[in-house]
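Trainee: What follows is each chain in one-letter form.
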Amino acid sequence: MSAGRRFAIYWKGSRMFRAGFVIMSAVILFVLLGMLFTPYPPTAMDEGAKLSGFSAKHLLGTDHLGRDLLSRLLSGAGTTLFIAIGTIFIGAVTGSLLGAFCGYFGGTADEIIMRIVDALFAFPSILLALLFVSLFGSGRYHVILALGIAFVPSFARTVRGEFLREKGRDYVTNAKLHGVGDLRIMFFHILPNTLDVLLSAVLIGFNNAVLAEAGLSFLGIGVQPPDASLGRMLSESQQYLFRAPMTTFLPGILLVLMILGFSLTGEGVRESER
Amino acid sequence: MRYVMKKLFSAIATLFLVSVAVFFSFALIPGDPALKKLGTQATPEALMRLRETMGLNAPLPVRYLKWVAGVFRGDLGTSYSYEIPVGELLADKLPVTVALVLFSFLLLIAIAIPLGIRHAKHEGGIFDRSFLVLGQIVMAIPPFFMGILLTWFFGIVLRVFTPGGYVSWRTSLTGFLGYLFFPALAIAIPRVAMTTKLLRAEVLKEVRRDYVRTAFSRGNSSMAVLYRHVLKNAFLPVLTFLAMNLTDMVAGSVVIEQVFGIPGFGRFLLISILGRDYPVVEAIIMGLAAFIIVINLLTDLLYRMIDPRIGASS
Amino acid sequence: MNAEAPILTVEDLQIDFHDHQIPETAVYDFDLSIRAGEIVGIVGESGAGKSLSALAIAGLLKRHSAVKQGRIHFEGQDLLHCERETLRGFQGDEISVIFQEPMSSLDPLMRIGPQVEESLTVHHPEIGSAERKERAMEALASVGLSDSKRIYESYPHELSGGMRQRVMIAAAMIAKPQILIADEPTTALDVTVQAQIVALLKKINAEQGTAILFISHDLSLVRQLCRRVVVMKDGRIVEEGDTETVFLRPSHDYTKELIAAIPRVEKKGTAGRPSLPETQERGRRPILRVSGLDAGYGRGRQILHDISFELYPGEILGLAGESGSGKSTLAKAVLGLVGVTSGIVEKHDLMPAMVFQDPYGSLNPARTIEWILTEALTKGRAGRFPGGRQTLRQRAAEALAQVELPESFLERRPSELSGGQRQRVAIAEALIGRPNLLIADEPVSALDVTVQAQIIALLEKLRRETGVTILLIAHDLRVIYRVCDRVLIMRDGRIVEQGDVERIYFDPQESYTGELLAAAGITG
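Chains as they are written, first to last, in our numbering: chain A, 430 to 703; chain B, 811 to 1124; chain C, 5 to 528.
Check before you lean on any hint, since a few could be wrong.
In silico DSBU-like cross-links for lysine-lysine, where the CA-CA straight-line distance does not exceed 35 Å [what the hints assert, rightly or not]:
#, chain 1, residue 1, chain 2, residue 2
1, B, K1015, B, K931
2, B, K876, B, K846
3, B, K816, A, K596
4, A, K596, B, K1007
5, C, K180, B, K1042
6, A, K596, B, K846
7, A, K441, B, K1015
8, C, K260, C, K351
9, C, K137, A, K596
10, C, K66, B, K1042
11, B, K931, C, K180
12, B, K1042, C, K137
13, C, K153, C, K180
14, B, K931, C, K137
The set of hints was computed from the structure by calculation and includes no laboratory data.
Generate coordinates for the entire structure from the input sequences, incorporating the hints supplied.
Mentor: Have a look at this one:
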């Protein structure tokens, strides 16, 4: 099915998808804007204007070091999204391949791999990420790797389930009867039938990855200063909650919008699937 | 009975695998704990001696066995940073986290289940639709931001509690529980939204099943159908979800303890990770793993008690 | 009570669907009356509105379908306009229902006992639990479940399909209702079990005088059971009357079509059957010879035992038997999809292709018909098909023309087709690679009677035109009689009997074959 046609189905079929897609697009536009332009360098400190409120000079005010909040939001949202994309790329590609092969071929290898995956899956992904970060060290690429590995199990399970179900259907038996090769059956016959599920898994994965990255950075073991990341901004500003609650609320709200956009879009896809 | 044994065996096997994985990954991490302790100025002889006393010179499998044997004796090793047995360090923190997690789990059940049922009963109404929207938003709020929002609203605006004013349970049990209320709420709220949504969806799914039509055909009222037939069936998936939440909440406590300044298990894990205090990290991770595995085992057994179909096939 | 006065009358019933934006009327001007102790049948194909009407009478319509107008009189009340409480008072006590799927109609987490007792629990709380249990045991025994003690304690998944339907009947009859509404109660069951359930309903009607409203798509079943019949099509009653009259002298065109669509089993002798050279020349070499075959899914799951048969070029061989008899497994064993433990499968230049029961499952839902057809031509055993995209498309269009579908269908997806059209596409897909053996696994059992007749006619035509050999798996003995030259009767993984259709149907040697034929209402 063409992408446009698919989009039309989702758009018409689900209010959640419409709401989520609008929010998601707005957040992505905001991030793209941040890549091209920030009013100030995100790390530049304005000594004279610490924790200043909204003003003409600093549209959204400044943080405790006098850094321009809008600039930091623009760049921080980018960092968070970048890490989420990296995470999902690793998690989705590795997990889906693993799940596809395990689900399609079955057998002993499947049993061993899935047992490991299940054991990993039992662990909350933030805990796994914490463990991996303590093994690999922090910093944005380590975080991507750590989170990426932590996200493999959920994709592997989802895709395996799909392949297991689809391979029992008659169109696959029929293709086998015609002597079509296994790889072609997997990727040309079965895969197109799992796209909806995969898409919603990716979108909901995005929402979880954003959440996990923000959590790690909030704990101080994710992105390292002076890089801006939404989680980091929240933890840095928490102690000024009394004096300048906006420095906390703005990154928090942006984070919520980002998560909301992905989760609603994902739920919308899942909803119109039925 | 065979089912129980099978599950028990698989739980033990998983725990063993996890312990091997955890132990070896920390043993193989680049960086010598002895060197770290003595600093780069240390003489090779001093390093040798310290490694000997820390047991770092033995081959890995031997070190693993010693560690496991220690765990069975209640000896979890010695913290690098504090030089006190890990067990002693944790004895203080564990009850705090357990209390926090149990508290929020109880909140979760007490709020989510009645709410989910109410939702399903009034499907499509104003209550249902507005809570659905609210639920979606609440689910998107990361727990730490929820914690900050609660701190701001109840601590700074309403002044119902003092942010950062943690009270130990040794000083005052009521003060302790009182302080834990908002952190527990912060952990619970997004999960309340998720559980409510799931329960609502499950009830609505079950209502469409044929046996519900049968129940109506026998003259049952809607309430009787709901309470006699539908809820039991709808609870099955919710049960698994709640168990998964319990384990997730333990992980979530790491963040929430940080937000509210609670000296528990999770916060200590964080400090130990940042300080590369591996014996502590290992002990905590193993403890969490054991907890998670036990919870999953109990869920499986409970599930089987409720659902006669499990294990009946094949 | 006056036997002639109806106990229930339905007047002018109209039911609307609110599934989509625009309400659709599903049932129009439905009138019906049921007298005490009478068995009335409603027949029609899917979408005719027969189940909806029955559910409306039972007060069980779902929320998205609503009664627009009409009256249902029962015991001096109008069931459509009375208080909810009044209606509930009748449900299960005076009007009971049994459904098509006995498995999903029972609460999976509740033991059978409390489910059977439920109508008593609801309507007669004055009855103590000991007496209730006693009545449930009696009810279970009276539907032929002799092991009632064990069944009382069982869960639904521990029983067979036939037992579950008996349990449903016991539960429906426990409060001794005046009317039992049976909504396709035998459709999900095997033919011999079907016959038992029909006999049980007859017995209940005779002994307890309960009126029965029997809804079915199966005309021969209705003919066996009902004295009066209502024929529905597209939401309207097209004909109503005494069953024998309707069957023998149908007045409405649709009824005629419906009756004509039932494959007839009447001794034709050699004259009635299209004489094929192949069936006479048994001396020819078979394209498939199976001898002493044991096969299954690994150790302990041996399904087929000692199977021997031959398949000659150009013939249509039927494979009949109830569910679980191993019919489909045998097809898979022939195709090499199931492990063979012992025995020989000799194939001579065999190029097999397959048509499945559920055409939606066998056509890749994510692809267009063109993709599906050309994939079958270009990939796999068929090898590289010479020619460009245009030639391929032309071949695909030809394949569609062969199954009487227009070229415009190439752009469509399986979800945009009706059940019958999908099955045509599935047949086109199977035949596009020019196989010499077509294995058709229950190709018509998911389809409506009139569509069934079309697909069967198509299979006959294709055999005539292309000379393809067909192995037809079906549980419906009438379908087999209509198209097959020879038939294998299977039971529990073994061949009970095989031979020419005429001989097997009119002179069965094995008692099981006779039972099957009798249960299907063909003989006896």
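Trainee: So, for every hint listed, does it hold in this structure?
Mentor: Structure-based check of each hint:
Under the criterion of a C-alpha separation no larger than 35 Å, the hint pairing B/K1015 with B/K931 is consistent with the structure, at around 12 Å. At roughly 22 Å between alpha-carbon atoms, B/K876 and B/K846 fall within 35 Å of each other, so this suggested pair holds. Proposed proximity of B/K816 and A/K596 is supported: the alpha carbons are some 28 Å apart, at most 35 Å. For the proposed pair A/K596 and B/K1007, the alpha carbon gap of about 31 Å is at most 35 Å, so the pair holds.
A distance of roughly 29 Å separates the Cα atoms of C/K180 and B/K1042; the hinted pair therefore holds under the 35 Å criterion. A threshold of 35 Å between alpha carbons decides the hint, and for A/K596 with B/K846 the separation of about 54 Å lies outside it, so the pair is violated. A threshold of 35 Å between alpha carbons decides the hint, and for A/K441 with B/K1015 the separation of about 23 Å falls inside it, so the pair holds. For a cut-off of 35 Å, the pair hint linking C/K260 to C/K351 is broken: about 44 Å separates their Cα positions.
The suggested pairing of C/K137 with A/K596 is violated, with an alpha-carbon distance near 47 Å, which exceeds 35 Å. Among the hinted pairs, C/K66 with B/K1042 is consistent with the structure: their alpha-carbon atoms are about 22 Å apart, no more than 35 Å. At most 35 Å may separate the alpha-carbon atoms for a hinted pair to count; B/K931 and C/K180 meet this at roughly 32 Å. Taking the CA atoms of B/K1042 and C/K137, the gap is near 23 Å; set against the 35 Å cutoff, the hint holds.
In summary, the hint linking C/K153 to C/K180 is supported, as the alpha carbons are separated by about 21 Å, within the 35 Å threshold. Of the pairs offered as hints, the one joining B/K931 and C/K137 holds, with about 32 Å between alpha carbons and a cut-off of 35 Å not exceeded.
Hints 6, 8, 9 from the earlier list are contradicted by this structure; the remaining hints agree with it.
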